[in-house]
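Just so you know, the sequences run in chain order U, L, H and P. Counting from 1, position 211 in the first sequence corresponds to residue 211 in our numbering; the numbering is continuous, with no gaps. Counting from 1, position 77 in the second sequence corresponds to residue 77 in our numbering; the numbering is continuous, with no gaps. Counting from 1, position 126 in the third sequence corresponds to residue 126 in our numbering; the numbering is continuous, with no gaps. Counting from 1, position 147 in the fourth sequence corresponds to residue 147 in our numbering; the numbering is continuous, with no gaps.
There's no promise every hint is true.
Each pair may be met inside one copy or between any two copies, as identical chains are not told apart.
Unchecked claim - Cross-link-like lysine to any residue pairs, in silico, SDA-like; alpha carbons within 25 angstroms at most:
no.	residue 1	residue 2
1	LYS120	VAL245
2	LYS195	LEU258
3	LYS4	ASP30
4	LYS120	HIS140
5	LYS120	ALA133
6	LYS120	GLY244
7	LYS4	VAL253
8	LYS120	ALA151
9	LYS120	ASP143
10	LYS120	GLU16
11	LYS195	ARG162
12	LYS120	ASP18
13	LYS120	ASP157
14	LYS120	GLY246
15	LYS120	SER161
16	LYS120	TRP137
17	LYS120	LEU160
Hints listed in this document are in silico derivations from the structure and should not be mistaken for laboratory results.
There are 4 protein chains.
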Amino acid sequence: MQLKIEVDLDYHFVEETDVLLAIEVAQLADQLLGEDLLSVAGSGPLRPIGAEDGIGRRTWMRAQGPCRISYRASLVVDRPAVAIAGLPASNLPDLPAVVVPYLWPSRYCEGDRFEAFVEKTFGSLQGGAKIEAMADWIRHEMDYVIGSSDASTTAVDAFLSRRGVCRDFAHLMATFSRAAGIPARLVSAYAWGLKPPDFHAVVEVWLDGGWHLVDPTGLAPIEGLARICVGRDATDIAFMTIFGVGTMRAQSVQVARLDG
Amino acid sequence: MQLKIEVDLDYHFVEETDVLLAIEVAQLADQLLGEDLLSVAGSGPLRPIGAEDGIGRRTWMRAQGPCRISYRASLVVDRPAVAIAGLPASNLPDLPAVVVPYLWPSRYCEGDRFEAFVEKTFGSLQGGAKIEAMADWIRHEMDYVIGSSDASTTAVDAFLSRRGVCRDFAHLMATFSRAAGIPARLVSAYAWGLKPPDFHAVVEVWLDGGWHLVDPTGLAPIEGLARICVGRDATDIAFMTIFGVGTMRAQSVQVARLDG
Amino acid sequence: MQLKIEVDLDYHFVEETDVLLAIEVAQLADQLLGEDLLSVAGSGPLRPIGAEDGIGRRTWMRAQGPCRISYRASLVVDRPAVAIAGLPASNLPDLPAVVVPYLWPSRYCEGDRFEAFVEKTFGSLQGGAKIEAMADWIRHEMDYVIGSSDASTTAVDAFLSRRGVCRDFAHLMATFSRAAGIPARLVSAYAWGLKPPDFHAVVEVWLDGGWHLVDPTGLAPIEGLARICVGRDATDIAFMTIFGVGTMRAQSVQVARLDG
Amino acid sequence: MQLKIEVDLDYHFVEETDVLLAIEVAQLADQLLGEDLLSVAGSGPLRPIGAEDGIGRRTWMRAQGPCRISYRASLVVDRPAVAIAGLPASNLPDLPAVVVPYLWPSRYCEGDRFEAFVEKTFGSLQGGAKIEAMADWIRHEMDYVIGSSDASTTAVDAFLSRRGVCRDFAHLMATFSRAAGIPARLVSAYAWGLKPPDFHAVVEVWLDGGWHLVDPTGLAPIEGLARICVGRDATDIAFMTIFGVGTMRAQSVQVARLDG
Numbered sequence: 001m002q003l004k005i006e007v008d009l010d011y012h013f014v015e016e017t018d019v020l021l022a023i024e025v026a027q028l029a030d031q032l033l034g035e036d037l038l039s040v041a042g043s044g045p046l047r048p049i050g051a052e053d054g055i056g057r058r059t060w061m062r063a064q065g066p067c068r069i070s071y072r073a074s075l076v077v078d079r080p081a082v083a084i085a086g087l088p089a090s091n092l093p094d095l096p097a098v099v100v101p102y103l104w105p106s107r108y109c110e111g112d113r114f115e116a117f118v119e120k121t122f123g124s125l126q127g128g129a130k131i132e133a134m135a136d137w138i139r140h141e142m143d144y145v146i147g148s149s150d151a152s153t154t155a156v157d158a159f160l161s162r163r164g165v166c167r168d169f170a171h172l173m174a175t176f177s178r179a180a181g182i183p184a185r186l187v188s189a190y191a192w193g194l195k196p197p198d199f200h201a202v203v204e205v206w207l208d209g210g211w212h213l214v215d216p217t218g219l220a221p222i223e224g225l226a227r228i229c230v231g232r233d234a235t236d237i238a239f240m241t242i243f244g245v246g247t248m249r250a251q252s253v254q255v256a257r258l259d260g
Numbered sequence: 001m002q003l004k005i006e007v008d009l010d011y012h013f014v015e016e017t018d019v020l021l022a023i024e025v026a027q028l029a030d031q032l033l034g035e036d037l038l039s040v041a042g043s044g045p046l047r048p049i050g051a052e053d054g055i056g057r058r059t060w061m062r063a064q065g066p067c068r069i070s071y072r073a074s075l076v077v078d079r080p081a082v083a084i085a086g087l088p089a090s091n092l093p094d095l096p097a098v099v100v101p102y103l104w105p106s107r108y109c110e111g112d113r114f115e116a117f118v119e120k121t122f123g124s125l126q127g128g129a130k131i132e133a134m135a136d137w138i139r140h141e142m143d144y145v146i147g148s149s150d151a152s153t154t155a156v157d158a159f160l161s162r163r164g165v166c167r168d169f170a171h172l173m174a175t176f177s178r179a180a181g182i183p184a185r186l187v188s189a190y191a192w193g194l195k196p197p198d199f200h201a202v203v204e205v206w207l208d209g210g211w212h213l214v215d216p217t218g219l220a221p222i223e224g225l226a227r228i229c230v231g232r233d234a235t236d237i238a239f240m241t242i243f244g245v246g247t248m249r250a251q252s253v254q255v256a257r258l259d260g
Numbered sequence: 001m002q003l004k005i006e007v008d009l010d011y012h013f014v015e016e017t018d019v020l021l022a023i024e025v026a027q028l029a030d031q032l033l034g035e036d037l038l039s040v041a042g043s044g045p046l047r048p049i050g051a052e053d054g055i056g057r058r059t060w061m062r063a064q065g066p067c068r069i070s071y072r073a074s075l076v077v078d079r080p081a082v083a084i085a086g087l088p089a090s091n092l093p094d095l096p097a098v099v100v101p102y103l104w105p106s107r108y109c110e111g112d113r114f115e116a117f118v119e120k121t122f123g124s125l126q127g128g129a130k131i132e133a134m135a136d137w138i139r140h141e142m143d144y145v146i147g148s149s150d151a152s153t154t155a156v157d158a159f160l161s162r163r164g165v166c167r168d169f170a171h172l173m174a175t176f177s178r179a180a181g182i183p184a185r186l187v188s189a190y191a192w193g194l195k196p197p198d199f200h201a202v203v204e205v206w207l208d209g210g211w212h213l214v215d216p217t218g219l220a221p222i223e224g225l226a227r228i229c230v231g232r233d234a235t236d237i238a239f240m241t242i243f244g245v246g247t248m249r250a251q252s253v254q255v256a257r258l259d260g
Numbered sequence: 001m002q003l004k005i006e007v008d009l010d011y012h013f014v015e016e017t018d019v020l021l022a023i024e025v026a027q028l029a030d031q032l033l034g035e036d037l038l039s040v041a042g043s044g045p046l047r048p049i050g051a052e053d054g055i056g057r058r059t060w061m062r063a064q065g066p067c068r069i070s071y072r073a074s075l076v077v078d079r080p081a082v083a084i085a086g087l088p089a090s091n092l093p094d095l096p097a098v099v100v101p102y103l104w105p106s107r108y109c110e111g112d113r114f115e116a117f118v119e120k121t122f123g124s125l126q127g128g129a130k131i132e133a134m135a136d137w138i139r140h141e142m143d144y145v146i147g148s149s150d151a152s153t154t155a156v157d158a159f160l161s162r163r164g165v166c167r168d169f170a171h172l173m174a175t176f177s178r179a180a181g182i183p184a185r186l187v188s189a190y191a192w193g194l195k196p197p198d199f200h201a202v203v204e205v206w207l208d209g210g211w212h213l214v215d216p217t218g219l220a221p222i223e224g225l226a227r228i229c230v231g232r233d234a235t236d237i238a239f240m241t242i243f244g245v246g247t248m249r250a251q252s253v254q255v256a257r258l259d260g
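Please model the complete structure; the sequences and the hints are all you need to start from.
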């Protein structure tokens, strides 16, 4: 699938403010980046850094006053559909060192508090079949309600309120998976077919020796996801982290398909 | 300082259980490992892995029944005393990619909830002086009470109860630091002079372009710490993570000084 | 049912300590108290007070050193079995003023956080049928595990851990009921047939213009409950509230049936 | 002080909705109610009930569509200024049964979690002097920020965020007081001199055998408070509890002084 991505963010910062951007598409085997360009009007020089885990790029900027951020990218996503349900879980001792931390609970994914629920609800299933049952549970039991959560909402909060957005659905998915001893991480992505278009959050689970994408919202096809970066939860993958106060004035994300 | 470390752990696992050990001293510039040996009676073959961040070693084992773990190491710690108070904070855009995640809140360090307290209490100070004031606050306001917390205790819990052990003191230190925009990570260590001898948890903060050790408990000298591994909070650096049920029957940690 | 109750509590208080006891059987229409006697060796004069709500008796004592509390009572419980499932909920405007507070969330019953779960899970049912479905859910989804909770465990905690004792089962029952707009209160009681014998916690729900007993644990028959007092949650009905530090040395609760 | 109160609430309910109002001034010894009138356009018949504790009045209504609630009252407040700092705490065994529950933690006042903080911070003071120090602490450490909290904010939340409105200040005051073993309850009131005029929340603490008003916000004089009702926390004293969905379209509270 050939995708064209256009992002325009219009912000305002009263004081000089450090901002960490994570909006650039990652160069990965299943998503071949053509060319892309991040440009910012209203900040000092951009300072690109990699990601902790080697996946994705982040860029520091220091801005004051009006600030317009523009990102353009074209890429080809060539991601074969995988039947998750048939994949076995990996043995724990086979997990690479960089995968191990995705077993742990994190700020917004309190996996340690869900072990009994997960065992009772999904304990009879194994590997990918268990993951699929978790995604089904989330789609069935949770209501997707825009505005129903905020930056402080954790998996426990969402589990109780039975409401959330993609961030919360992904947190629950990762939380359930970790509580079952299956590594899981959050993934930020551009999503072809997502309505309304926006930054999207999905999950990767570690099955059969590799990471596999799961979208517990079911709102966009896996084949049309262009990953930006990965992390333990929403904090790691936020598209913009403002170290101070900023005001959003306009924001537009467009993902167009050029082929098909 | 020349140290000799002797660890003996005596556990019992009813069922076959995967266990992740993190008890081996890390090879680092300021702690020169002589020789060391990890041996386990009662498990299958050990499977050493590195750490996600390249610091420290972890080892998987699969055990059933009685299990005796033994670790012996000798090393020279050559760590100059640093006057933390005089070190400046780094500019955020100068943070390397691998340091950035230590700004974020984690499962047991809810830095996002302490920003107002930290600003009100330490806001007039900068860099290392701010860090020292935080460590002083912790030593003064918190009671070190063995048995007063458990594996689920977070920084919020400890802040309210005003009680804890090294794990909780370190969580508070890292939480305050992150809430002030200074990266901080948990460090597990062997500590010469710690009474009673045990695994210890301390903190590293990122100041002036590098990591610097801080022990908010003040129970052992920085110069005698032999670091094992680092992470976002206690989960990352646990000396033993049991994926199932295990019973501790005896546990001994000895840190002897061979010189001086 | 004719019951004989014998309670012996053996405590020790290092310093002079105020203690509030709530262990005396309430005089109520469906439980006719014969004679009873509370006696304490090792305290100053007892100071009986009523209960806030007019149900039950509480007694202040001030003790230091060894303290033996003895309570003996005989009573006849004449409580007809009620088919809860057939009872309608009351209209809200018909609730008496003293019943209204049992709609609100309390310290250990966060009813406000369970509204979505309760609506999704029990929303198709009404009145007593809804209450019975809630009790069934609790009996089916929760494990009764002695020692799995403590005095700080809330309904949210128990809901996540899927474990608890009578206190937690009762908290969940009251929480679900309040989240559905049906008043519910905690009840402490002596329970004939409870094994092992102990103080018991159950629930009363307001249906069809009156309070009706429900025991979500199913561990003892409603017909053999001798109520002590009622309240919003476990704090209100604790059999002993110690304003300081006390050590339990022995504790015995016996409920014998004299007829039948 | 002679006060005239005018309240106008303009709401809309899409569906038929039960609403509990608590906006009528209580008839109490230190506030002599002249005449008052509650009238509602857009509901069925009003159903007045008392309060659980005998203080204050509540009124049920059932409304659908536009609903205008009007309340007019005139009263004389004759409340001598009391020097709180000089009042002794009461002995626990002297507390009346109806006062005892105000020692317990409640949904939004987790007194049980603040015992260590309160002991460390105020432990050297007694009775009214302790209460005054708590109120001073709150005025000094908390920022009064309209919009900074919502209906789910607890004392723990406010303590961490160091921000809140009158509800949060009152919750903290009651929480600290209970943690010190001094009964405290929330009080809703009309407050002469409050800017902007609104429903106000303050606290009563039990000292020297009686209830005494404390306003931790310091925003309005005690002498000009017209109490509405009392309770364990904000839930008990909400001026309007909507059992369903309602939209506020306009709301006006006016408190005028007729003498002086």
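Non-conforming hints, listed in increasing numerical order: Violated hints: none; all satisfied.
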